[in-house]
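Chains as they are written, first to last, in the numbering used here: chain Y, -6 to 589; chain Z, 20 to 300.
The reader is advised that the hints may include incorrect statements.
Here are the computed lysine-lysine pairs in the DSBU-like style, where the Cα-Cα straight-line distance is at most 30 Å [claimed, not checked]:
1. Lys239/Z - Lys148/Z
2. Lys530/Y - Lys72/Z
3. Lys231/Z - Lys140/Y
4. Lys173/Y - Lys250/Y
5. Lys78/Y - Lys231/Z
6. Lys186/Z - Lys73/Y
7. Lys72/Z - Lys73/Y
8. Lys78/Y - Lys198/Z
9. Lys239/Z - Lys78/Y
10. Lys186/Z - Lys78/Y
11. Lys72/Z - Lys239/Z
12. Lys244/Z - Lys148/Z
Note that these hints are calculated values from the structure, not bench results.
Chain by chain, the residues:
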Amino acid sequence: MTSYVPPLRNLRFVLDEMAGLPDILTTEMYNHVDTETVHMVLEEVGRFMAEVVAPTNVDGDQIGSNWSEGGVVTTPDSFKAAYSKIVESGYAAIPFDPDFGGGGFPWVTALAIQELLTSSDMAFSLCNLLTQGAIDAIIHHGEEEQKNTYLPKMLTGEWTGTMNLSEPQAGSDVGAVATKAEPVGDGSYRITGQKIWITFGEHDMADNIIHLVLARTPGAAPGTRGISMFLVPKFLVNSDGSLGDRNDVSCVSIEHKLGIHGSPTCVLAYGDNEGALGWLVGDEFTGMRNMFTMMNNARLSVGLQGVSVAERAYQLSLGYAQERLQGTAVGGEKGVQSPIIEHADVRRLLMTQRSWIDAMRYLIYINGGLLDLANAGVDAAQRESARERASLLIPLSKSLCTDVANETTSLGVQVFGGMGYVEETGAAQHMRDARIGAIYEGTNGIQAADLVGRKLPMRGGQVVEDLLSEFEDIADELREDDRLVRFGDNLVEACGAARTAGRWLLDNGSDLNAALAGSSPYLRLLGTVVCGGYSAKAALVAQGNLEGSEGEFYGARFVSARYFGEQILPQVVGLEKAVTAGSDQLFALSAKQLAI
Amino acid sequence: MCRRAHVLGLDQVVKLSSTMHAMKVVVCVKQIPDPADPGALDPETRTLKRDVKLILDESDSYGVEMALQLVEAAGEGEVTLVSMAPNNERSGLATALAMGAASATLVSDPALVGTDALTTAKILAATIKDQGADLVIAGSESSDGYTGTVPEQIAAVLDLPSVTAAKSVEVDGSNILVKRQTDAGYDSIICPMPAVISVTAGVVEPRYPSFKGIMAAKSKPVEEKLAADLGFEEDQVGWSGSGQEIVEVAEAPTREAGDIIEDDGEAHVKIVEFLESLKVI
Ligand SMILES: Cc1cc2nc3c(=O)[nH]c(=O)nc-3n(C[C@H](O)[C@H](O)[C@H](O)COP(=O)(O)OP(=O)(O)OC[C@H]3O[C@@H](n4cnc5c(N)ncnc54)[C@H](O)[C@@H]3O)c2cc1C
Ligand SMILES: Cc1cc2nc3c(=O)[nH]c(=O)nc-3n(C[C@H](O)[C@H](O)[C@H](O)COP(=O)(O)OP(=O)(O)OC[C@H]3O[C@@H](n4cnc5c(N)ncnc54)[C@H](O)[C@@H]3O)c2cc1C
């Protein structure tokens, strides 16, 4: 129904001029890749996604994935056709180890591919995303034999992967996992238990599904310390690589959801019969720790989902705003209806989306570039400082981008007026699809607790402080340009608010409820400041290119950044007071009083 | 143009032996401004400005695909590309190379600015001439210029048989069997090789370049040529060499609003009257 235009020029700008791709490509790990090749790949991938995957988006929503007797899950036909083309293309392997058939590209380029895929069809993209997580886990923690057996087929996408953490009593509280793993004696285990919410836990797009399952061995300590990770294939793999018997894992049902209808969210029963055969990935009891090594990538990807869906929703609403005639805009000919894009308030709906999307993209890709440098940086000092900053940014990327996507996709609906509330236009689907981002991969509330409890206290608050003082230096540069003085002033004020709020949280950390009460507004505050700081950086890059042959493009970035600095960034000043208000009012009412 | 091609009657279509030999196929690929963002017409020359980034004309992706399939079916051989484009532009060639073509020749020369369709054909023919091609494939018409004449002009210059509007092509010994799209269905044509055929959009499904294909394309040879390398004097090409001149560019007329017949129970009579007035019934 709706077309998708891959934002290739924006991606080039973000990668090359914001996220430091050229520097990453000078490191020993990545110097076999050059920027031109990256962009050549992105062009072809973009065309592929727009032509092959984007048209599946409506099927995914309207037909969805369906469960039938015997635990069979059927995806829409268009999903199967598009998926087999993805497998043929080899795109899924681009960021992974060449030893297993990958391209060895940096992660930040994988993000760009992921954005193109996710904007095309978020529900469909989840299959690759979860497979990517499983590959990551096996690469980091698997044994050689496991790598050789599973990775080549998973890198092509012929086999897909899942991550099985959640159980009915173990959601945010992963430590409550109760699934059991009994050693058989030959190195294998029998897994029994029930997992819920398992994305693409069963489907008909691939020959095999490799489940990574968190479970407890006999005598394991309670909580996260007693959890181990197991590899449980849907079909057992024979020593010659061919597929053998069906393992004892079945899909009991799938959920009926608000959005991402194409992505089957499965209840998986392990061991209804003799117990599902599984093998340890990594040592016993390291399951949770090992899960954390993938957490950064996974959380960043979910943040990117926010940006990706926001982009698609924005493109759709921008198109409508140019066509829909209604009212006469200021300065328009009397009695002649204007395209609604001419009305100031519709402009606001569009600019707010545009400006947030640009800013969120800077945050996500800069965060991704830092993760690459944390691995590939030239020396230990560079790797460590990249690692520190990357881990500070992760909860911001994950939560801010998914929260804001909920807002901007809603603005997208608003642009359509009544037609936005009608499913046929597709605007509502983006809003529904985006909604999950704030929930899975650690709810945004859990991210805020991570920010306040772990990230802000890094080096006594100095990791945050370093970033704020960089932004203040950028603010000084802004103030040298008449057009950017206001932005510069706002940025200084915003950094001040972030500093006061952060200081308050550190000083009041002993009152846990007070700190946690302020955690979500602080995340919003700091996230907005970081988006403002990176937008300021973008404005400075654009400033030097306004007259060149690409003046139109840089002009758009310049204005979009200014809008952020002048109209969005000032919101943080109010948030400072919410952060520092403490928890008294939150707990002043009893549950009963909350009901009246 | 099909001097040596024969239209077969249905009864003449016999299953011919399918001896294979290595196939060398040359595909003409035009690189054009992205139709999604086409840039402007130059008011002075009334031609499309070509200083923007160019991409592979979608019309030619079908030819590339057909050529790749023919070579794959033959089991041996290769697909090479020829293109004439300004500013040494090779982005479109990169796509076709990533799809699987082996190499390309790119003719790019400031002297060629203003070259018309016939001269384009002469240039492309000169590039193709010594390649020893079994088959030359072009699009039926390009997406930006769409004069739809270049393939036949190439055939004439090279004195080769030409089959237009090919829907499918099969190699049989030293001949090709072509199904040629017509209004009523298709003609079955047998034509000796070498030959020039033009393919219509949509007849095959062009493959997307795989990651491996894209990476491999980086090291595939692209030979650049100037007009002089092909034996052309400066006044034979470009504006001065063109017999064709664009005298005027006008907006396409907007479609006129149609008559709406409301069904008051008599609509069928009005529709019949209307169709009679058009003399279609
Ligand atoms: C569509 C979908 C796909 C999913 N895919 C997967 C998957 O592939 N694999 C997988 O393992 N899981 C998956 N999940 C599960 C998902 O990660 C969990 O839903 C999520 O972690 C939240 O857990 P919960 O649903 O039990 O909510 P709860 O933990 O019950 O949370 C309810 C509310 O309480 C808040 N809360 C809970 N604990 C705290 C706390 N300590 N401090 C502050 N606030 C708190 C939460 O923020 C939330 O607002 C998926 C879920 C959905 C809906
Ligand atoms: C006034 C004028 C000015 C021009 N100025 C320029 C210029 O500045 N620079 C320039 O490069 N060209 C220029 N051209 C050439 C023009 O862009 C076309 O290449 C040529 O006229 C072919 O016309 P067409 O696209 O309508 O071909 P069609 O006959 O519609 O094309 C059919 C098929 O022929 C092949 N083909 C056509 N053109 C090419 C090509 N160039 N390379 C490879 N295969 C091809 C393709 O397979 C295509 O699908 C100019 C043409 C005119 C008339």
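Now for the hints, and whether the structure bears them out:
With a CA separation close to 21 Å, the supplied pair lysine 239/Z and lysine 148/Z stays within the 30 Å bound. The hinted pair formed by lysine 530/Y and lysine 72/Z meets the criterion: a straight-line CA distance of about 27 Å does not exceed 30 Å. For the hint linking lysine 231/Z to lysine 140/Y, the alpha-carbon distance of about 22 Å falls within 30 Å, and the restraint holds. Proposed proximity of lysine 173/Y and lysine 250/Y is supported: the alpha carbons are some 29 Å apart, at most 30 Å.
At roughly 14 Å between alpha-carbon atoms, lysine 78/Y and lysine 231/Z fall within 30 Å of each other, so this suggested pair holds. Between lysine 186/Z and lysine 73/Y the CA atoms are separated by roughly 28 Å; this keeps the pair inside 30 Å, and the hint holds. About 34 Å separates the Cα atoms of lysine 72/Z and lysine 73/Y, which puts this hinted pair outside 30 Å; it is violated. Of the pairs offered as hints, the one joining lysine 78/Y and lysine 198/Z holds, with about 28 Å between alpha carbons and a cut-off of 30 Å not exceeded.
With a CA separation close to 24 Å, the supplied pair lysine 239/Z and lysine 78/Y stays within the 30 Å bound. Under the criterion of a C-alpha separation no larger than 30 Å, the hint pairing lysine 186/Z with lysine 78/Y is consistent with the structure, at around 24 Å. For the given pair, lysine 72/Z sits about 21 Å from lysine 239/Z by alpha-carbon distance, which is consistent with the 30 Å threshold. Pair hint lysine 244/Z plus lysine 148/Z holds up; C-alpha atoms about 14 Å apart against a cutoff of 30 Å.
Going down the numbered hints, you'll see the structure goes against just number 7.
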